[in-house]
Amino acid sequence: MSAHSQAIASAALRPRARPSLRRWTEREGVFSWLMVTPPVLFLLALVGYPFVYGIWLSLENRPVAKPGEFIGLGNFIANFHDPVFWQVAQNTFVYTFAATALKMAGGLALALVMNQEFRFKNLIRAIMLLPFIVPTVLSTIAWMWILDPSFSVVNWFLIRWGIANPGPSWLGNPSLAMFSLIMVNTWRGLPFYAITLLAGLQTISPELYEAATIDGASTFARFRYVTLPLLKPVIFIVTMFSVIFTFSDFQLVYVLTRGGPANATHLFATYAFDVAMGGGQFGLGASIALSMLPPLALLIAGMAWYMRGEKSS
Amino acid sequence: MVANIVRSASRRDVLKIGGLAAAGSLLGAGQGRAATNLSFMHESSFIQTYDDFFKKTLVPEYQKATGIAVDYQLISVGSLQTRMATAAETGSGPDMTLCFFNWPFLFDDKLVDVSDIAEGIGQKNGGWYDSVREAVIVNGKWKAIPFGNVGQIMNWRSDWFAEVGIKDFPDTWDELLEAGIKLKKAGHPFGFELGHGFGDNHGWLYPLLWSFGGREVEPDGKTVVIDSDETARAVDFCRKFFQQTLLEDCLGWTDVSNNKAWMSEQISCTNNAESILWFAKKQFPDIAKVTQQSLNPQGPKGRFHILAPWSHAIYSFSPNQQASKDFLVWLMDPKQVERWYASADSYYAPYLHAYDDAPLWHVEERNLPYRDSLKTSHLPGWPAPIGRPQSESVAKYVVVDMFAKACTGKPTKEVIADAAAQLKQIFKTS
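So the protein sequences, as listed, match chains A and B. Going by this note's numbering, the first residue of the first sequence is number 1, and it counts up by one from there. Going by this note's numbering, the first residue of the second sequence is number 1001, and it counts up by one from there.
Bear in mind the hints are in silico, worked out from the structure with no lab data behind them. Careful, some of the hints might be misleading.
Estimated spans, in silico, between C-beta atoms of each pair [claimed, not checked]:
hint, chain 1, residue 1, chain 2, residue 2, range
1, A, 36, B, 1055, 50 to 60 Å
2, A, 224, B, 1414, 20 to 30 Å
3, B, 1302, A, 245, 41 to 51 Å
4, B, 1164, A, 127, 21 to 31 Å
5, B, 1076, A, 245, 22 to 32 Å
6, A, 83, B, 1077, 40 to 50 Å
7, A, 83, B, 1063, 51 to 61 Å
8, B, 1076, A, 68, 25 to 35 Å
9, B, 1074, A, 50, 25 to 35 Å
10, B, 1219, A, 175, 39 to 49 Å
11, B, 1055, A, 50, 19 to 29 Å
12, A, 202, B, 1414, 51 to 61 Å
13, B, 1126, A, 42, 53 to 63 Å
14, A, 300, B, 1076, 30 to 40 Å
Note that the structure is predicted; figures quoted are calculated from it, not measured. We treat Cβ as the ideally placed atom computed from N, Cα and C, and that holds for glycine.
Hey, can you work out the whole structure from these sequences and the hints?
Structure, rendered in C-alpha cells:
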C-alpha cells in the first residue's frame, strides 16, 4: 500500500481541480471541433491557400518577377490552341490508364500470392515493398542505366541472346519511351497496390471460403464470388489514390526523359513546370496544372458513383 | 507523467532554439546592412577548380582588402532558375546571383541597373564582344555584367575520321553529312542531342536553323516567320542527317547522354561545350588524345553558334546594392578576373577582348574555336530582339521538337505548322 496507491489517489483527484473546463471540453460538440480544427487549419494553409492561389494565377498573365494582369480565361484559350497541350493531355491519359491497369492486375496477383502460407513470408513481404520505399529519384536513376542504350542490362541480354542487335532505344523511340515510363511507374506503384490489397484480403473471414468450398465452389469461383466482391471497397480506394498519383506524376518523367522525345512523354505536371519555371510564365503554367482537375474530379466522381451503384444492387 | 515532463521540456527547448535562431537571423540582417557580408549565388560548375579558386583565393583576398566576407552560395546543377525565381518572388535571398542565357530579361524588374559599371569594366578589359550585349542589355539598361560564354562547338574523333580519309573537319553541313554516312557505315555513328535536355539540343539546332536561313520571328519581334522554305530545307536536312548518321537514341537524349556516349566510344562526332575534352583529359586520356574540336559547319546562309552566357546580376531587394557593385567591379578587374577565368582553362570564354590572346587560350590549343565562335554566336530567338517570349519558346522546345518530330518521320510541312502555331501563340500575333 502506501506510496504507490497514494500516487494513484492523487492522480485521480487532480482533474477535479478544474471540473468546468474539463466538462466543457468533453462535450461532444466542443471536443469534435477541438480535434478537427488543427487539421482543418493545416489543410487550409498548406492545401487550400495554394489551390486558391493557383486558380487565381491561372486567370492572370503573370510572368515571373512581374506583377500579374487579370486576363480571365485567356490562358485556357491559349492552351486550347496549343497542339502540345493536347498531346500532353493524351499522354497523361494513356500513361495513367495503362499504368493503373497494370498495377491493379499485378498488385492483385501479388496480394493473392502473398496471402498464402509459405516460408519467409514476412521477409518477402518486406522485400516486396522496396520499390515503394526507395526514393523515386534514386530508383529512377537506376532505371536510367537499365534503359541506357550503351550500358543497358536489358539490351546486353538481348544482344547476347541474339534477339536484337543493336538493342532497342528504350527512351529514344517515342512509343518505346512511353512504354518504358509506364513500366517503371508500374514497378514503383505495384507494392502499394499489393500491400493494400493484401490488408483487404486478410479481413475476409476464412469461414466464407469454407462455406463456399462446401457448396462446391471452384478456386476461381471462390475468387469471383467471395474475394472480389469483398475486396471491391479496397480496390476502389487504392485505384483512386493510384490514379491521382499517376495522373500528376512528375519525378519519373523529369529524371528519365524530361518529356522528350518530341513531347512523347510530357505529362501535365512536367509541361506545367517547364512553362512556369523554364518559360517564366506562372499564369500559363498554373492553367496547365489546373487542367488536371476536371478530368480527375470526373474520374473520381464516376468511380464513386459506380461503387455506390454496386453497393445498393 | 515523466513523458509529459520530457515533452514540455523539449517544447521549451524548441521555443528557446527558435528564439535564438530568430535573434541570430536579425543580427545577420543587421550585419548585412552594414555591408560586412555579401552573398553571391552560383550554380556548381562542371569545372571543380573554378569554384575552388573563388572560395579559397578570391574570397579571402576580398576580405583582406575590404573586410567584407563574401558568401559564395553554391547550388546544384540545374536548379539555378528555380532558385532565382524564388528569390525574385519572395524578395529575399542573395545580394548577387549568376544568370544564364536571357534571364536578365526574365528577372528584369528585380535586377539592379548596372550600366554605370558595365561600360567601365569593358573599357578596362579591351571592350566587350558585341554578341553578348543582346543577352544583358534590357531596354537600354545593363541588367547584368557578362562573365563568360559556355559555347558549343563540334567535338570529333580525329582517328575515326582519318580512317574514312578525312583529315580536316568538314566545312559545310552537307560535307559533314557525307562524312557521317561513311563513319556510320564504319560503325562510328554521330551523336547529337534531339531530346529535352537544357543545352546540347538548342546548342546545335538553332545554329543549324540559322545557317539555312531559317528564323522563328522577324527582327520586329512580332512577325512569326518559321514557316519558310529555308526552315523546310533545314528540317529536311536534319531528318536526313538523323537517319543516315545518328544513333536512334539521340531523340531521347538529355545533356549527359552525349558525354556518356563519347567516353564509352559510341560516337565519332557530337556538339558540346569544352567540358567534354576537359573531362576526357582527366579520366580518359586515350580518348582525349583523339578528341578534336572545330567550329560548327556552315550552311547556305552562313556559320552560327549558340550564345550561352554566364553573367552576374544584383537583386533590387538587396540592401547592399552599392557594396555589390563595388565587389563586381573588383571581381572584373584584370587582376582578379584573369585568374578566375584561367582556373577553368578556357571553359568560360571571356566576353572581353583583352583576353583574346590570353595565356588561358594556349593551355589547350584545341579550345581556340570556342573563342572564334563568339563572333557568330547568338541567343535562341535571334534575330528578333531578345525578351520573355524566347524563354517560353525554349521551355516548350518549339525548335528542338520541330526537328525531332521530323526525325521520327513526320512530314516537314506538319512539323513546321506545329511550330508556327506554337510561336504565334507565344508571340500573341494570331
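Next item on the list: With respect to the beta-carbon atoms only, verify the hint that residue 1164(B) and residue 127(A) lie 21 to 31 Å apart.
Entry: 52 Å, violated
Checklist line | residue 202(A) paired with residue 1414(B), Cβ distance criterion 51 to 61 Å | finding: Between residue 202(A) and residue 1414(B), where Cβ atoms are some 55 Å apart, the hint holds.
Notebook entry, point to check: When you take the CB atoms of residue 1076(B) and residue 68(A), is the distance between them in 25 to 35 Å?
Noted result: Check passed, 29 Å falls within 25 to 35 Å.
Item checked: Range hint compliance [Cβ, residue 1302(B) to residue 245(A), 41 to 51 Å] -> The hint (41 to 51 Å, Cβ to Cβ) holds, given that residue 1302(B) and residue 245(A) are roughly 50 Å apart.
Notebook entry, point to check: Should the hint that residue 1055(B) and residue 50(A) are 19 to 29 Å apart at their CB atoms be regarded as holding?
Noted result: 37 Å, violated
Check: Does the hinted range 39 to 49 Å hold for residue 1219(B) and residue 175(A) at CB?
Finding: 40 Å, holds
Check: Does the Cβ pair residue 1126(B), residue 42(A) satisfy 53 to 63 Å?
Finding: 59 Å, holds
Notebook entry, point to check: Is 20 to 30 Å right for how far apart the beta carbons of residue 224(A) and residue 1414(B) are?
Noted result: This hint is violated: roughly 49 Å between Cβ atoms.
Notebook entry, point to check: If you check the beta carbons of residue 83(A) and residue 1077(B), does the distance land in 40 to 50 Å?
Noted result: With Cβ atoms ~31 Å apart, the hint is violated.
Margin query: Does the beta carbon distance between residue 1074(B) and residue 50(A) stay inside 25 to 35 Å, or does it fall outside?
Written below: Cβ of residue 1074(B) to Cβ of residue 50(A): about 29 Å, so the range 25 to 35 Å holds.
Notebook entry, point to check: Range hint 30 to 40 Å: satisfied by the CB atoms of residue 300(A) and residue 1076(B)?
Noted result: With a Cβ separation near 36 Å, residue 300(A) and residue 1076(B) satisfy 30 to 40 Å, so the hint holds.
Next item on the list: For residue 36(A) and residue 1055(B), compare the CB-CB distance with the range 50 to 60 Å and indicate the outcome.
Entry: The hinted range 50 to 60 Å holds for residue 36(A) and residue 1055(B), with Cβ atoms some 51 Å apart.
Hint check: violations occur at hints 2, 4, 6, 11; the rest are consistent with the structure.
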